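> So the chains spell out like this:
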Amino acid sequence: MTEHWQLDPDRALPAEPATRDLARTIYQHGAALPLVSMHGHVDVGLFAANQSFGDPAELLITPDHYLVRMLVSQGYRHGQLGVPHRDGTGATEAVERDPRAIWRRFCENWHLFRGTPTRYWLEHELAEIFELPAPPSADNADALYDQLCATIQRDDFRPLALLDRMNVQVLATTDSALSDLGAHADLARTLGPGRIVPTFRPDSLVHIGHPAWAGEIDQLATVSGVDTGDYNGFLAALRNRRRAFIEAGARATDHGHLTADTTPLPAADAERIYRDALQGSVRPADAEAFAAHMLYQMAEMAAEDGLVMQLHPGVLRNHSSEIYRLHGPDQGFDIPVRVEFTHNLRPVLDRFGLSPQFRCILFTTDETVYSRELAPLAGAYPSIRLGAPWWFLDSPEQMRRFRESAVETAGFYNTSGFVDDTRAFASIPARHDLSRRIDAGYLAKLVAEGRLPMDEALDTMVDLAHRLALTAYAAPNN
Amino acid sequence: MTEHWQLDPDRALPAEPATRDLARTIYQHGAALPLVSMHGHVDVGLFAANQSFGDPAELLITPDHYLVRMLVSQGYRHGQLGVPHRDGTGATEAVERDPRAIWRRFCENWHLFRGTPTRYWLEHELAEIFELPAPPSADNADALYDQLCATIQRDDFRPLALLDRMNVQVLATTDSALSDLGAHADLARTLGPGRIVPTFRPDSLVHIGHPAWAGEIDQLATVSGVDTGDYNGFLAALRNRRRAFIEAGARATDHGHLTADTTPLPAADAERIYRDALQGSVRPADAEAFAAHMLYQMAEMAAEDGLVMQLHPGVLRNHSSEIYRLHGPDQGFDIPVRVEFTHNLRPVLDRFGLSPQFRCILFTTDETVYSRELAPLAGAYPSIRLGAPWWFLDSPEQMRRFRESAVETAGFYNTSGFVDDTRAFASIPARHDLSRRIDAGYLAKLVAEGRLPMDEALDTMVDLAHRLALTAYAAPNN
Amino acid sequence: MTEHWQLDPDRALPAEPATRDLARTIYQHGAALPLVSMHGHVDVGLFAANQSFGDPAELLITPDHYLVRMLVSQGYRHGQLGVPHRDGTGATEAVERDPRAIWRRFCENWHLFRGTPTRYWLEHELAEIFELPAPPSADNADALYDQLCATIQRDDFRPLALLDRMNVQVLATTDSALSDLGAHADLARTLGPGRIVPTFRPDSLVHIGHPAWAGEIDQLATVSGVDTGDYNGFLAALRNRRRAFIEAGARATDHGHLTADTTPLPAADAERIYRDALQGSVRPADAEAFAAHMLYQMAEMAAEDGLVMQLHPGVLRNHSSEIYRLHGPDQGFDIPVRVEFTHNLRPVLDRFGLSPQFRCILFTTDETVYSRELAPLAGAYPSIRLGAPWWFLDSPEQMRRFRESAVETAGFYNTSGFVDDTRAFASIPARHDLSRRIDAGYLAKLVAEGRLPMDEALDTMVDLAHRLALTAYAAPNN
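Chains as they are written, first to last, in our numbering: chain A, 1 to 478; chain B, 479 to 956; chain C, 957 to 1434.
These are computed hints drawn from the structure, not numbers from a lab. Nothing here was measured: the structure is a model prediction, and the numbers come from that model. Heads up, none of these hints are tricks.
Just the calculated beta-carbon pair ranges, DEER-fashion:
hint, chain 1, residue 1, chain 2, residue 2, range
1, C, Pro1409, B, Ala699, 55 to 61 Å
2, A, Asp186, C, Pro973, 56 to 62 Å
3, C, Arg1273, A, Ala91, 53 to 59 Å
Partial chain B-side listing against chain A, Cβ under 10 Å, derived:
hint, residue
4, Thr497
5, Arg816
6, Pro834
7, Ser849
Residues from chain B shown here face chain C by an in silico Cβ test under 7 Å; the list is partial:
hint, residue
8, Arg489
9, Ser551
10, Leu590
11, Arg592
12, Pro814
13, Asp844
14, Thr846
Just so it is clear, CB atoms sit at the ideal spot from N, CA and C, and this is done for glycine as well.
From just these sequences and the hints, can you work out the full model?
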C-alpha cells in the first residue's frame, strides 16, 4: 500500500478564516509540548510487562466501551464484539473468537461514528500512529487488519516505546488502594521516578454495602499491616496506604461516588456502621451516609498529606443489570444523573476549603453545573480546581462549551489542564491533541473578538496544554 | 398586487461564507425529499371532510397556541384573538367574532415575533404556500386578509390537495385510544394505505385521577367489546385497541406524563387502585403511582406488539387555572419542568431495553437532559432513539444545540429524524424545511472543521431529512 | 505619559467579517443612547455626599467582590486586598493598609482575569473613564497608581459629575425597607425627580429566622409609625413603607430568596409564626414557609400598588462560614444552586399572573431555567418579564446564550432590558456597553442568517438598549 491517509491539519479549528489563522498559530505554539497525563486508566501492568499488543480487535475495539456501546446501541451484542461473558453466568450466546471478524464488523459500521469523538480519536490513531492508508470501510477491512497486525508486532510499537513516541512526560495510572505498587516500583527503577505514577483509588473500601467489601477490608489489613477490625483501624490503614502511594510517587487520589455528598457522621455513628458492615448487615441508608462521611475523611487526610483529591460524582453505574450480569462493569451502560455540588461540598469546603495544603479537583458529566456551581466554587475557594470535561463531555462541542461556561467566572487559572481519562493507551495523543485544538480555537475567538491580546493568548495556550496540569497535580509538599 | 415577497434562499444557514456554501449544497441535497411526518396533531377529520379552510384567523391564528400565547403575554386576552369560552363558565368578557379584526390585531403586532420560530414558519407559509406579497403590517392587514380569503377558497387549497402540494409522503395523526378509526379507514380507501396513519394515545385512560376517567373507561369497554370492570379487563381492552390501531396502520403510541417514572406496581396494588378509581375514590399518590405503572405496562405491550413507544414527559399542563377554566387546555399555558430519565426509565429499560421488538423514542422540553441522560441512554440501549427537539425546542438555536449536545455521544443514527408535532397543518413544510436547514448547517460545520468528509455529510443529510424517520417509525414486525 | 491605551472599537462583536459589519452598524445605532440603570447597588449616600473617591484600591479593588474572590481563589487572603475584619472576630491576621501595595498586587495578577468580564469592565473603565495609558502590569503599577490618584481628585470625577459624564438618564439604588429616604429626597431636590430613585428591599424583614430580625421589626414600627406587634400590623407597616417608596420615586421592589417558593400560608399560621418569631423561637421550617408566604404577600401588594416585583432566587449566601465570620457578607462566597420557577411561582401566577396591575421581573443565576421555565412563563403571562442575565451570568458568553435560549420562546419584548446590578459605580458604562455589543452581535446574526431584516434589527436595538427598561420599570400607575 503506497496510498497515504492525510488528516486535515486544521481539523477541529474554527472555520472562519481569520479566526482559524489565529487558532492555527496558537495551536502550533502548544502542539509539540510533552503530554502530561495525570488522570488515566491504562493498566500499569501493560508497561511493566511491555509486551506487544495482541490483535487489532484486542487493541482497539473489544476493551473500548465508547466504541462497543455505539455498536450495541445499533443492535450488535457485546459477544459479537468479543466481549467475554463473566464466569458462571450460564450464558449460551456465542462470543466471537475471530478478531478479524470483529474488526470487519467495526469497519462496516464506520458511519455510525460520524460526528463523535470516538471517530476523531480513531482517525488520529489509525492515520498518525498506525499509519493506515485510508479510513476503515467494508472494502478495506481485511487489508487494514493485516497491516495493523504487522505494525503492532514491531518492537517500536511496544508500550514503553509508544510512551516515548507519544511524547508522554508523565502518566498517572489508577490503582486499587490495595495494590502492592510493585509494578510501579519496577517502572521507577527502569524509567526513573515520576514518569509513571500511581493514583490512590479507595472506592471499593468506602462503599461498604458492596458484597465484596469485607474481603477488601481483609486485604487492606494485610497490605497495610494495620488491624482493620474497627473503624479507627480502618482509618489508620487508609492513612498508611496513602503514605505508601505518596512514597511510590502518587500525586492524587480518585473518588467515584453517585453523589457529591460529603456530610460527616458523628464518630460513634461511623463506628457503628463500620461494625454493622463487618457483620454483613449494613442498611442501604447507612451505606450511603458512610460513603459521604468517607469523602469528608478523605478530604481531611488530603489536607494532612497533600495528595490532590479528585472527585467525579453523578454516574449511575451498570444501568442494565443484564449487561452487568453477563459482562461485568465498564461496558458502556453507565449513565449520568443530575449532580449537585454547592450544598454537598459545603461540609468539606467549610472545614478545609481555605487550608493551604488541601487541593481538590472536581469533575462532572452534568454540564449544567459548570456555570452554576463549579466555576463559582473554583473562582472563590483556593483549594478547588475545575477538572477538564470528562468522559461523555470529552468532545469538541463539549470542550468548547466548557470554556464558554467556566472561564468567565473561574478564569483559566482555576482549571486543572487536560486529563485524558482513558483505558485506550493509543488514544492518549489524539485526546490531548483535540483538547489543544479546541482550546486554541477558544483563545483565537477571544483574540478575534478583541477580548485578549495575541501575546497573552499564546502564553495561556502553554498553560492550558502543559503548565496547569503540572501545577494542579504537583507532588505533595512541593 | 404584483409585488412579490421573496424569502432569503439562504435563510437559517450559517453566516460564514465558506460554511454557508457547504451548507447550501448539503441542504439542497435534502430539500426536495418527501416529508415524513410521524408525530403530529392535525385532526384526521380535516382530511376526511376535505373542506376548504374557513377564514384567515381560523386558519392561522386562533388555533395556534404558539401565536396566541405571545399576544396574550403582551396584554391581549384570548377572547380578543377569537378563542371561545368553554360552556358554562359564566364569563362575560367579549369574544371577538370578526376574523378580520383578529387578523388585523396579529398584523399590527408582527414585531413581537421577531427572533421566534413562529415568525419563521409564518413567513414560509405566507410567502411560499399562500403567496402573499409582503410581510404583515398594520398598513397591509386588510389587503392581505382579502387575498388570503380568496386563496383558501380555491379547490387546490383544500386539505388533501395541500397534502400533495406540500409533498407529504406519510402523515401520522394522534388519536384517542377510544377512536373508532372510521376516518382513517375512509382515508385508507381514498388515498391507499399508509398515507395518513393513526397514533394510539391512551393518556386519558391511564390518568385515573381525572374526573372524566370513569366515562372514558365505559367508552373503552364499548369500543373494544372487552369488560373493563376490573384491572385485567382494562389491560385486555388496551391490548385490543392497540391491535385495532395496528390494523389501521398505526406505527406508534404517544404518552404525555408529568414525569418519566416507569416503576411498576405489584399486580395486587394495581388491581386495588383501579378498583378504587372505578369507585371514584383514588388518592393522588395512588393516581401518580398508577400512571407510572401504566407506562411500564405500555412498554410491555410495545415489546409484544411492536408499536413504537413515544414518551414526552416534563410539562406542567394548564399552569393558569383561570385560562383553563375559561378556555380549556392547549392555550399556551403549559410550562415545562425539570425532567429525569436515568432513574425513571430504569425499570422499563432493565426489563425491555435489550428486547429486539421494543422501540422507544424519547422527547424532552428540558434541554439539559440531552447530553446528560438522553444521548447516553440512546447511545447504549438498542431500543432507544432520541426524538427531535420538540415544542419549545423546535427552533433554530435549539435544534443546533440539540445536535451539538446529542450527536457526540449518541451519534446521528440513534436519533429519530424530524417530527413536526404540529396542529397547524399549513406549517408542516416550513417546520421540516427549517429542520433541514439547521441540520445542513451543522453538517457543514463538521465538514468545514475537518471533522466529516463532504460525501458522508451528503449521505447523512438524506438520513436526517428522510430515512431515519421511516426507520424509527417502521411498521410493527417490519 | 503621552502613550495612549486604545481599546479595540469592535471588541465583543462577532468575528466573522460580514456579521461584524452588520453588528457594528447595529451597535452604533444604540451605543450613544442614555443609560437606564434600574437595578443596581450603588449606595445613595455616594451621590448625596458627592465627595471625591479615595484611593485607587478603595475605588476599584477592595469593595469589588468579583475581583477580590478571583485573587482569593489563587491564594491571596481577603486581608491582603484590604478587606477589613469585622469587629470582635479576634482575628490576628494582618490587613493591608497600604492602598499602593493592594493596587500593585492586583496589577501583578492581571493575567488571572483573562477571559473574564471583570477584565472587560476594567479595561473599559481604566482606558475610557480614567484614561490610563496601558493595561496594568507589574512594571507600570506605580505609575498607574499615581495617575489614578491624580484623576480621582479632580472635581469632574466626583460622583454626580461622573453620572453626567457616563450619560446615566436614571439610576435606581437598592434601599433597606427601613430607610428614611432622606438622601433620595435631597437628591430629588438637587437633580430633579426621577434621576436617582430608590428600590424597596424588604429581605431582612421577611427572613424571620435571622438573629437581627426582631430589631428590624422595631425599626419598622418606628419608621412607619405602625404597630408591628402582630402580623396584621406587620403587613400594614410594609404597605406603608411601599407607599413611602413610591412617593420617593421608587419603581420596583427587590427580593433575594434561596428558593422561588411562593406558597401562601393560612392567615392563622402566618400569625402564629410571626408571634413565635417575635418571641425568638421560630423553627427553621416555619421560617422557610414564612419567607415563601411573604413573597406571595409581596405579589399581592404589587398587584395593589403597582411596584414592579423583582425576584432573584437561587444563591446560597456565605458558603464559607469562616469568610463570613471574618469579613461579613458579599465577599465572593455566595454560590448559586439549582432553582425552580414553574411549580414555585404557580401560587402567585395563578392568583395575580393575569392582573393588569401586577408586574414581575425574574432573574436567575441558573441558566438552565431560561429555555425550560422562564421563557415559557414570560411568553405566556402578561405580568412576567425576563430579567437580564445577572451576576455570574453578566458576561459575553452568557449574554449570548441568554438570547439564544430565551428569545425564541419569549420574544425580545418579554425581556426587561439590561440591568447592571453593580456596586462598582465606575463600571456602569462598561457593563451597558458590553450588553449592547452582545445584543448587536445577536441581532446581526439574525440578519446575516436571513432571520430578521436590518430595519427591524435597528429598531430592536433601541428597544434592548433603552426603551424596554423604561417600559418594564415604568412608575406605578403610569
